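Residues per chain, in single letters:
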Amino acid sequence: MAEIDLIILVCAGLTLASVFTSVVAFRAGAPLLLLFLCIGLLAGRDGLGGIVLTDRPSAFLIASAALAVILFDSGFHTSLKSYRQAAAPAITLATLGVVLTAGLLALPAHFLLGFDWPVSLLLSTSLSSTDAAALFFLLRVGGITIRDRVRSTLEVESGTNDPVAACLALTLVGVVAGQHGQGLAAVAVDLARQMGGGVLFGLIGGMAMVLVVNRVKLEAGLYPVVVMGLAIAVYAMTNLLGGSGFLAAYLAGLVAGNARLQSAGSLRRFQDGITWLAQIGMFVTLGLLARPSQFPAIALPSALLAAALIFLARPIAVFCCLAPFRFGTRERFFIAWVGLRGAVSLLLALVPVLGGVPGSDVIFEISFLVVLVSLAVQGWTVRPLARWLGLIVPEKTGLVERVEVDLPGLADREMVTYQLHPESAIAHGRPLPRWARPLLLHREGTVQYSPRRLQAGDRIYLLATPSQLPLLDKLFGKMKDEGATEASLYGDFAIGPDATLKALRESYGLPIGEEEETGTIGEIFRREYHSDLEIGDRLHLGPIDLIVRDMQEGRILSVGIALEPEEKPLAGWEKFKARLIAAIGLPEG
Amino acid sequence: MEIVDLISPESVVPNLRATSKKQALQELARRAAELTGLHERAIFDVLLERERLGTTGVGNGIAIPHGKLSNLPRLYGLFARLEKPIGFDSIDEQPVDLIFLLLAPESAGADHLKALARVSRLLRDKTVCEKLRGTDSAEGLYALLTESPASRAA
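Quick mapping for you: the protein sequence lines, in order, are chains A and B.
All residue numbers for the first sequence refer to full-length UniProt numbering, where the first residue is 1 and numbers rise by one.
All residue numbers for the second sequence refer to full-length UniProt numbering, where the first residue is 1 and numbers rise by one.
Hints were generated in silico from the structure; no laboratory data involved.
Bear in mind the structure is a predicted one, so any value in this text is a computation, not a measurement.
Warning: the hint list may mix true and false statements.
[Unchecked claim] Label-pair ranges, simulated between beta-carbon atoms: (1) A:N214 <-> B:T19: 56 to 62 Å; (2) B:K126 <-> A:R555: 30 to 36 Å; (3) A:L222 <-> B:K126: 52 to 58 Å; (4) A:P422 <-> B:P95: 14 to 20 Å; (5) A:R326 <-> B:E34: 39 to 45 Å; (6) B:E34 <-> A:Y529: 45 to 51 Å; (7) A:L211 <-> B:G87: 50 to 56 Å; (8) A:Y529 <-> B:E130: 35 to 41 Å; (9) B:L48 <-> A:R326: 35 to 41 Å; (10) B:K126 <-> A:V225: 26 to 32 Å; (11) A:T465 <-> B:E130: 38 to 44 Å; (12) B:P95 <-> A:P384: 34 to 40 Å; (13) B:E93 <-> A:E219: 47 to 53 Å.
All C-beta atoms in this analysis are idealised placements derived from N, C-alpha and C, irrespective of residue type, glycine included.
Please model the entire structure based on the sequences and the hints provided.
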């Protein structure tokens with residue numbers, strides 16, 4: 001019995017150690033997942049802990065279940081809006097991009113490192129997918145807001161490409177292990193079955209979840225458990241039936257997360273916790289599995305491969321895939337750089353090992369090192385890079401103190417409570433719209449029902465639909481500061497969307513031709529961007545830029561005029577480019 | 001394009017009195033007419049025309065009304081510090097107490113934009129605005145406005 005207790009204690013201890021060190025790491029801006037991985041390494045057989053984990057199938061089991069949970073959660077948190085916004089480029093990246101990356105990375109693995117083709121391909125495939133878990137961490141937990149289209153593209157790509165890479169890896173292992181008739185047709189059929197099955201069972205599973213949560217009457221605390229159980233069941237069932245379980249788990253999350261769910265708030269909170277636990281469990285387990293004593297022997301090939309991945313394969317794949325889509329060079333550059341590798345790569349690297357592919361032991365160790373490098377190099381530089389490239393959007397509103405409470409039986413409304421900020425619009429005397437009137441307020445120990453007058457510091461309670469929340473944030477939260485960063489992102493002056501181009505031309509003497517002079521600014525933006533218009537989008541108009549400053553429900557509310565659009569924070573890049581051109585002796589342009 | 005090319009000590013008003021946006025623009029148009037020799041009404045109309053496109057109240061108590069006039073020989077700036085802040089329909093809905101008026105000849109084109117950008121950049125600097133608010137002589141304001149960015153940084 002003592003042995004079992006010891007094992008439990010070790011597991012709990014590792015979890016707690018991960019949690020507490022994360023507090024320190026967060027301050028230092030270190031990628032948390034890298035930390036969890038290192039804790040696993042430290043506790044492992046070559047580290048201080050000396051824990052020997054040789055049971056690869058068990059480790060694979062733990063990591064797979066954890067990954068199913070994580071992918072489900074990432075689907076759950078991806079809004080269909082970002083899917084619509086970024087579906088085409090993201091899915092191109094997730095499919096063609098994965099294949100391209102895997103193909104390109106196999107070349108250095110074979111020719112430079114001298115692995116035979118099967119091992120090279122398995123290695124490059126395991127390293128071909130951007131890790132959703134790692135990326136979501138950076139983009140969400142990092143507390144920065146990246147421009148919508150870039151963030152959506154990365155989120156949807158990373159969520160969708162894990163299953164694609166997994167399909168590819170499983171199929172490859174099948175080929176190498178000789179289960180297929182080696183024919184390309186058999187591979188294609190297998191791939192199609194995995195993807196098709198994943199999509200089908202994922203959608204069905206997600207809808208079943210919505211039905212269960214909204215229709216079946218259960219103890220309130222059981223709903224999150226039921227959802228998590230169903231998610232893992234969807235994953236396993238799909239795998240058993242020959243589909244891609246990871247894809248199914250992700251899609252089930254997407255369906256459930258975007259449906260109107262009863263007690264969505266408590267589901268979210270439960271999943272947040274479970275997902276953290278899954279992240280820690282997965283990374284620590286994979287860390288335990290690695291053998292750092294072997295690292296020196298493979299350090300050089302791993303470093304070469306990591307460099308090939310970060311500087312060649314991923315950028316080439318990204319630039320190819322995004323060529324037909326409208327992205328700025330800086331946005332492409334950012335997307336290329338943020339191809340973080342993570343747990344999925346390690347998990348996929350285990351597949352050939354478990355599948356008994358000859359010479360595959362080294363795949364896991366090399367993948368492990370490449371992931372370490374990727375998490376450290378890319379993870380650490382994402383935030384400064386985003387800032388440097390000017391892709392961070394200032395927060396729309398200042399600090400909001402908001403707590404959401406689920407109402408039993410009401411799927412589309414929730415009770416929201418705010419603490420009225422002293423520097424909020426309402427506290428500054430802006431009129432309170434009818435729909436934003438609180439049900440009750442709590443002020444210095446007294447409670448008032450349907451109050452009319454609010455003052456700073458009041459805690460107010462109201463019923464709201466999720467779509468009203470951003471507006472409420474604007475009313476009750478701290479007003480945003482129109483600072484210098486705002487001006488550089490949103491322009492020097494604001495004009496209405498109904499101003500005509502003709503009027504603008506006359507006011508500013510813009511050198512634009514007569515034939516372009518039809519319509520209002522709002523219409524011209526629509527013509528250029530159609531329905532995927534978003535805040536921060538720009539139109540070049542001779543020497544100035546027009547920028548969408550504010551939107552509501554798809555309508556433009558305000559447009560900014562940037563007088564000096566060429567003065568972007570990328571001066572360093574221009575200088576670097578000029579120096580590069582001078583050094584190589586290329587003609588300018 | 002520097003601020004010193006736009007304003008002279010005579011075009012700085014340390015204590016403009018106005019109770020509304022319209023009154024402030026009228027008063028500024030009157031002073032600009034004295035400086036440039038153009039019609040007060042013509043200047044006022046041009047400023048009002050621009051405000052119709054969208055407010056020139058850029059937030060943080062700053063407004064930069066501007067416009068183009070056909071028979072102006074060069075760019076003219078006029079800076080006013082208001083005695084009492086007034087409503088200006090600003091984008092942050094805060095009252096305005098510092099106004100920089102900029103008038104440009106019809107042919108100015110790029111120079112107009114450059115000058116506007118220069119003024120906008122200057123007044124985005126919060127420490128500059130604090131100093132302007134704390135100074136009540138025309139000479140002091142003129143010195144602050146025309147201080148070169150390099151000497152300000154030092």
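38 to 44 Å as the expected CB spacing between B:E130 and A:T465, which holds or is violated
Cβ of A:T465 to Cβ of B:E130: about 42 Å, so the range 38 to 44 Å holds.
Evaluate the given range 35 to 41 Å for the C-beta pair formed by B:L48 and A:R326.
holds (38 Å)
B:P95 and A:P384, beta-carbon distance inside 34 to 40 Å?
Taking Cβ atoms as reference, B:P95 and A:P384 lie about 38 Å apart, which means the hint holds.
47 to 53 Å as the expected CB spacing between A:E219 and B:E93, which holds or is violated
Cβ of B:E93 to Cβ of A:E219: about 49 Å, so the range 47 to 53 Å holds.
Is the distance from the Cβ of A:L222 to the Cβ of B:K126 consistent with 52 to 58 Å?
Check passed, 54 Å falls within 52 to 58 Å.
A range of 50 to 56 Å was offered for this pair. Does it hold for the Cβ distance of A:L211 and B:G87?
holds (55 Å)
Looking only at beta-carbon atoms, does the pair B:E34, A:Y529 fall within the given range of 45 to 51 Å?
holds (47 Å)
Using the C-beta atoms of A:R326 and B:E34, is the stated range 39 to 45 Å upheld?
violated (51 Å)
Holds or violated: 26 to 32 Å for the Cβ distance of B:K126 and A:V225?
violated (52 Å)
Range hint 35 to 41 Å: satisfied by the CB atoms of A:Y529 and B:E130?
holds (39 Å)
Does the Cβ-Cβ separation between A:N214 and B:T19 fall within 56 to 62 Å?
holds (59 Å)
Lying within 14 to 20 Å: is that true of the beta-carbon distance A:P422 to B:P95?
Cβ of A:P422 to Cβ of B:P95: about 18 Å, so the range 14 to 20 Å holds.
Going through the hint list in order, the structure does not satisfy hints 5, 10.
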